[in-house]
Amino acid sequence: MTEHVQVAETATLVQDAINRLEAQFAGAVRRDDREGYSGVIVDAGRLVEVATFVRDRLGFSYLSSATAVDYLGKSESDPLEMVYHTYNLQGGPALVLKAQTPRSEATLPSLVGVWPGANFQEREAWDLMGIRFEGHPNLKRILMWEGFHGHPLRKDWHEAYYEQDTKPFDSRWPEGHVSRAEEHNPYGKNVRYPAGFTLDGYESQAEKALYEAAPMGVHVTDMATDRVVVSMGPQHPSTHGVFRMIVSLDGETIVALEPVMGYLHRNHDKIGERNTFLHNMPFTDRLDYFCSMSNNLGYALAIEQLMALGKRYEPPTYRAEAIRVLMVELTRILNHLVAIGFLLNDLGAYFTPLMYAIIERELILDFFEAASGSRMMCNYMRFGGVAYDLPERIQGTAALVNDRVRDFDTMHYLRALINDRLPRAIDQTNDLLTTNEIITNRCIGVGVLTREDAIAYSAAGPVLRASGVPYDVRRAEPYSIYPDLEFDVAVRYHGDIYDRYLIRLDEMRQSIRILKQILPILEETKGQPFFAGRGGQYNPRVPAGEAYGRAENPKGELGYYVVSDGGQNPWRYHVRSPSFINLTALEQMCKGHKVADVVAILGSIDIVLGEVDR
Amino acid sequence: MYGSGIVRGLGVTLKHFVNTYLEDIRWGFRRHVPDEAFPLRQGLEARGIFTVEYPEEKIATPERFRFIPFLVVDNYDHPERPGHDWCTSCGICAKACPPQCIWIVRGTNPETGRPVPEPAEFYIDIDICMNCGLCAEFCPFDAIKMDHDYELASYDRTGAHIFNKQRLSKEFRYWQSIAPTRAAEEAQARGGWEHKDVLKQREREARAKAPASGGEA
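Protein sequences appear in the order of chains A and B.
Mapping to the numbering used here: the first sequence position 232 is 232, numbers consecutive.
Mapping to the numbering used here: the second sequence position 112 is 112, numbers consecutive.
Just so you know, these hints were derived from the structure itself, not from any lab.
In this text, all values refer to a predicted model and were calculated from it rather than measured experimentally.
Each hint should be verified, as a subset may be incorrect.
Said to hold, decoys possible - Label pairs and their calculated CB-CB ranges:
| hint | chain 1 | residue 1 | chain 2 | residue 2 | range |
| --- | --- | --- | --- | --- | --- |
| 1 | B | S154 | A | Y289 | 21 to 27 Å |
| 2 | A | E203 | B | P55 | 45 to 51 Å |
| 3 | A | A596 | B | F17 | 28 to 34 Å |
| 4 | B | K15 | A | A596 | 29 to 35 Å |
| 5 | A | K591 | B | F17 | 37 to 43 Å |
What the hints assert, rightly or not - Examples of chain A residues toward chain B, derived with CB under 7 Å:
| hint | residue |
| --- | --- |
| 6 | V228 |
| 7 | P282 |
| 8 | N402 |
| 9 | A532 |
What the hints assert, rightly or not - Per the computed footprint, the stretches of chain B lying under chain A, defined by three or more beta-carbons under 8 Å from a beta-carbon of chain A, are:
| hint | segment |
| --- | --- |
| 10 | 71-84 |
| 11 | 87-96 |
| 12 | 185-193 |
| 13 | 198-206 |
Virtual Cβ for every residue (Gly too), placed ideally from N, Cα, C.
Construct the complete structure from the given sequences, taking the supplied hints into account.
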């Protein structure tokens, strides 16, 4: 009950903030009164002023997400809109700031000066939507390369294999004569380049700029230099994927670092806008492929928020919520075990901790596979519940030669896993690593991110909490049945690699605590519906409006900003990926440390490139 | 004492090392453990080596496991309609498919030109299929199901990876064998082991025969 009161209070807090904004900036700030929308629309000219006021005076000091929407054909002026979600670190809902700019000559003032965490997100908005940010220190493409034609998220931009604006495609049924896309659009002819761009004698200007921007003492071709620019990657600088860092070194000390990414980019957002709402669910699995269950939940939350705007909406049943929390917390444990394993790989403890982590992960994945049908690409959550109830037994059926059958009772399996096996695995990790002198020597005091920086750079999840900010979406803006569950928000205060390691152990222990409370709920609710509303709807109706669904993922706050125009498909679908935004602070953490520490610092952030590049 | 943390960690690795051999002794140093031991070695009790030696050993997949879809057809020895498609070409799977890898040509009666409830052609491009299982989940006729056979490596990408109706079709018996519980549950929901339309037809016939008693079938 107390939680409900709290939510009501914080909601008025946002109303107060908007009132104060309107009073302070009369004429420059107006309420967003479109149906299903919230927040305020700010005059572009005074955006920086308003943002500073919001951060310093109103207390919304944390910029969670900054993204752009193209409203082509939705209003007379066809504007591009930038949407900023700011939060109070005490908890509560978002104060949403919006700024509009015309499509031709789209320009907005940059907010990097107010929130450094907007850096990559504004670059992404420039890259994908073509909004120029005045005052941005490094405005260039971030996910695409320089020879890319246009800004793909604009509604009038069509991809090479473009077939139709939205799915389902008419060519599939009832006259579905199959053809392969590359037959219509053969390799070599499927790329468009910007005007004046040619591959003859092509020399990458972006690469040149990258090296020139890196601070060097003298020109690198003169041998008498004291600074060297090193390109680390993109072939696995550590064990995290195709990621590259341009590191500027003074001796072995890092002077500057710039992440280069996009090697795995597939424009998840654009795919999401072609898809129907439900189509996106399996695509979210592919973001952070370690945590597909949590990704599913975040997306389900966003769409349920939108559906709640309609009249006939039934929230998920209690059993569905309990199953969701079970899945998500198991995901957190497996992610953290593996994250610690990879961090130790980066530190040179080659594969022993990781392999121990993978044993436990296998056991969790066996359960996921039995429940959802897939180990990693779970596609398990639906709007209003989950796809299937928990299976009676975790049991294989022999279908192939040499198949070995295992058979466990599901609840017995979960009890044994949660009460015995996983806590022991966490203790084992603790015994193996925590007091190890090599680890303490290499981790303590390295890669420090101060509390202020962590907030300013929009760091999220374990990175934020290891810097002394006890901010956890499960408590700050509770969703699902977390208000009923007892757990503490883990927090550490030094902000170094070691604390980011320790906080993962803490969080796993809290997850075990939650799971122990979930088990009796699962027993009690056995047989109750796991899905609310009518089943069998592959195309649920989603009312027009906007929603920002966020979930506390193992890697940090995962947010889905979804705009619906009332049709079958999302008008805008944006993923605020924690891995991507946590990288904004990488340079800050690495400066002044040795080059050998970079990999360890990167490992301590715990990124997955499927989510960084999207 | 400096170094005690390392020693403590090495204790953990030593335990794993010893456990591995204890397990081996337990199963008599056999390269592949007997079937009854497999759940112990690959389960909650596992202490030693956790590796499965594919392809000599494979973990049997659970019922809900999903790989490329297949089309259910009546058993080839079915008395009335052997090998008949369960699919009615309603197109829901093609619409629910996120990467749009399903192509269906609706069947038509060659004489009248009217659509009939069966597919003339049915294609799935398995290179595009993302194994999400939404087609099977939303099929109102239990006619498309996810397969368990994940060993599909082939030498030719361009020709061999578009599955046609013939390649996709599998007997209903096969579905019963890979997912006995679910097949039984679905049959219960339909009201019998046969296809929905067959059951309806029978019910209609039974009603026509014995209007007074009704619903005996």
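Outcome, coverage hint (the segment 87-96 of chain B, chain A; C-beta under 8 Å; three residues): Result for this restraint: holds, n = 6.
In this structure, is the beta-carbon distance linking E203 of chain A and P55 of chain B contained in 45 to 51 Å? Since E203 of chain A and P55 of chain B have Cβ atoms about 49 Å apart, the given range 45 to 51 Å holds.
Taking a Cβ-to-Cβ distance below 8 Å as contact, does the segment 198-206 of chain B have at least three residues touching chain A? violated (count 0)
That 37 to 43 Å hint for K591 of chain A and F17 of chain B (C-beta), does it hold up? 41 Å, holds
A closest beta-carbon separation below 7 Å is what the hint needs, so does A532 of chain A meet it against chain B? 17 Å, violated
Do the beta carbons of K15 of chain B and A596 of chain A sit within 29 to 35 Å of each other? Holds, at about 31 Å.
Coverage assertion for the segment 71-84 of chain B with respect to chain A, Cβ distance below 8 Å, three residues required: Contact hint for the segment 71-84 of chain B vs chain A: violated, 0 residues under 8 Å.
Using the Cβ atoms, figure out if S154 of chain B sits within 21 to 27 Å of Y289 of chain A. 25 Å, holds
Residue hint P282 of chain A, partner chain B, criterion CB-CB below 7 Å: 4 Å, holds
Are there at least three residues in the segment 185-193 of chain B whose beta carbon sits under 8 Å from a beta carbon of chain A? Coverage by chain A is violated for the segment 185-193 of chain B (0 residues, Cβ < 8 Å).
Could you see if the CB distance from A596 of chain A to F17 of chain B stays within 28 to 34 Å? 29 Å Cβ-Cβ, so the 28 to 34 Å window holds.
With chain B as the partner, please determine if V228 of chain A meets the hint condition of a C-beta pair closer than 7 Å. 34 Å, violated
The structure shown violates the earlier hints numbered 6, 9, 10, 12 and 13.
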